[in-house]
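Novice: The residues making up each chain are set out below.
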Amino acid sequence: SQTIHQWPATLVQPVGSPLSLECTVEGTSNPNLYWYRQAAGRGLQLLFYSVGIGQISSEVPQNLSASRPQDRQFILSSKKLLLSDSGFYLCAWTPGASGNTIYFGEGSWLTVV
Amino acid sequence: AQSVTQLDSHVSVSEGTPVLLRCNYSSSYSPSLFWYVQHPNKGLQLLLKYTSAATLVKGINGFEAEFKKSETSFHLTKPSAHMSDAAEYFCVVSGGATNKLIFGTGTLLAVQP
Chain A
1 SQTIHQWPAT LVQPVGSPLS LECTVEGTSN PNLYWYRQAA GRGLQLLFYS VGIGQISSEV
61 PQNLSASRPQ DRQFILSSKK LLLSDSGFYL CAWTPGASGN TIYFGEGSWL TVV
Chain B
1001 AQSVTQLDSH VSVSEGTPVL LRCNYSSSYS PSLFWYVQHP NKGLQLLLKY TSAATLVKGI
1061 NGFEAEFKKS ETSFHLTKPS AHMSDAAEYF CVVSGGATNK LIFGTGTLLA VQP
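Chains A and B are the protein sequences, given in the same order. Sequential numbering of the first sequence, starting at 1, is according to the working numbering. Sequential numbering of the second sequence, starting at 1001, is according to the working numbering.
One chain only, chain B, in its complex shape (with noise of 0.2 angstroms):
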């Protein structure tokens, strides 16, 4: 079985200062993890994914997260906020024969001037 978890239901920045949304997985499978983000009124865009190679991943507009499958971890992550960072932001994980995707149930980001 497959589940995901997202620690913080909301997040509060100021612009300019890190972002971390936290992002904890359970998985029978060597699973692909993924970062939505949902603008309001907006669809869901792709931000990044990691299908079992860089444990690194880049995405667009400065984010990145670290898949740890000691800690079963997969938190996105920014280094300065920017105004336009503010939706919401959810995880996904999928494995196994049918590809089934699991979303967490959001982190909503704030990004405060």
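Only chain A is shown next, with the shape it has when bound in the complex (with noise of 0.2 angstroms):
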């Protein structure tokens, strides 16, 4: 079966500081990978999608970037965080294929001080 994991579960960093969220997602090959972020009192709003490795799709200006060196592993970084940064991250996957469902990591909380 397939599962994803995401970590860290909560992480509180300082301002300017570097940020690393790390998903791997196990039982599967050449998944389509998403990093959703979820502010407070907001719907969750796409950052990053990749349909393969390599490749990476950004939705939105921002402080963050994504990468993906392997098939099955997915990385949401910062250089130098922002308040506005923080929140809940998710990381998801499909199978690729239209209309499957998505898969969420157990996702991020991320508190920038």
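In case anyone wonders, no lab produced these hints; they're calculated from the structure. Note that beta-carbon positions come from the ideal geometry of N, C-alpha and C, so glycine has one too. Check before you lean on any hint, since a few could be wrong.
[Unchecked claim] In the EDC-like style, the derived pairs of lysine to aspartate or glutamate whose C-alpha atoms are separated by at most 16 angstroms in a straight line are:
no., chain 1, residue 1, chain 2, residue 2
1, B, LYS1049, B, GLU1066
2, B, LYS1049, B, GLU1064
3, A, LYS79, A, GLU22
4, B, LYS1042, B, GLU1088
5, B, LYS1100, A, GLU59
6, B, LYS1042, A, GLU106
[Claimed, not checked] Quick list of the computed label-pair ranges, beta carbon to beta carbon:
no., chain 1, residue 1, chain 2, residue 2, range
7, A, THR111, B, HIS1010, 21 to 27 angstroms
8, A, ASP71, B, TYR1029, 22 to 28 angstroms
9, B, ALA1110, A, TRP109, 21 to 27 angstroms
Two chains, two frames, a set of hints: combine them into the complex.
Specialist: Structure (structure tokens):
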């Protein structure tokens, strides 16, 4: 069966520090991978999605970047965090074919202080 | 381009009365549409999905939604609300070769006793 793991679950980082959130998927190959952010009082905003290794599409201009070094690994990064980067980050995957269900990781709570 | 609009950020109903959560979409493709629910401090759960089959889709917990292409709508309904339905609900649209999923901003459903 397929599983998705995301870590760390929570972190508190000072403004200006770097960030790295990691996500891995097991039990499938060639998944579409996503990073979403859910800010307080707002919906889920798509940050990045990837249809293959090294292929990253950015949805909104921001202080973050994403990388996909391996087929089932998706990393969210920042060189210098801003207060506005605080929020709940979700990694997700879909099988790639149209209409399939999306599967979410456990999520990561980021507080920038 | 795809987008989804949830017309109400908050909906309050009395227990036992009908629920209507509204969603309108825009898509250049034949869309797939989903409703997800997120209970407090829990992950996202799929309620139902439309993928170009029957336009009236039945989901879990007594919810259903009707795809109306002429109105570009996918409203979520339930005949009788239960206290346990109190949660945040997200309408999601996807389509195209990449199966990118776009979330609405969410509707917070409150159920009064």
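Novice: The structure should be examined with respect to each hint, and the outcome stated for every one.
Specialist: The hints, checked one at a time:
1. LYS1049(B) to GLU1066(B): holds, 10 angstroms
2. LYS1049(B) to GLU1064(B): Measuring from Cα to Cα gives roughly 9 angstroms; hence the hint holds.
3. LYS79(A) to GLU22(A): Answer holds: LYS79(A) to GLU22(A) is near 15 angstroms, not above 16 angstroms.
4. LYS1042(B) to GLU1088(B): holds, 11 angstroms
5. LYS1100(B) to GLU59(A): Satisfied, since the Cα-Cα distance of roughly 10 angstroms is no more than 16 angstroms.
6. LYS1042(B) to GLU106(A): This hinted pair holds, its Cα atoms lying about 9 angstroms apart.
7. THR111(A) to HIS1010(B): 21 to 27 angstroms: holds, 25 angstroms
8. ASP71(A) to TYR1029(B): 22 to 28 angstroms: holds, 25 angstroms
9. ALA1110(B) to TRP109(A): 21 to 27 angstroms: At 24 angstroms between Cβs, range holds.
In summary, this structure violates none of the numbered hints.
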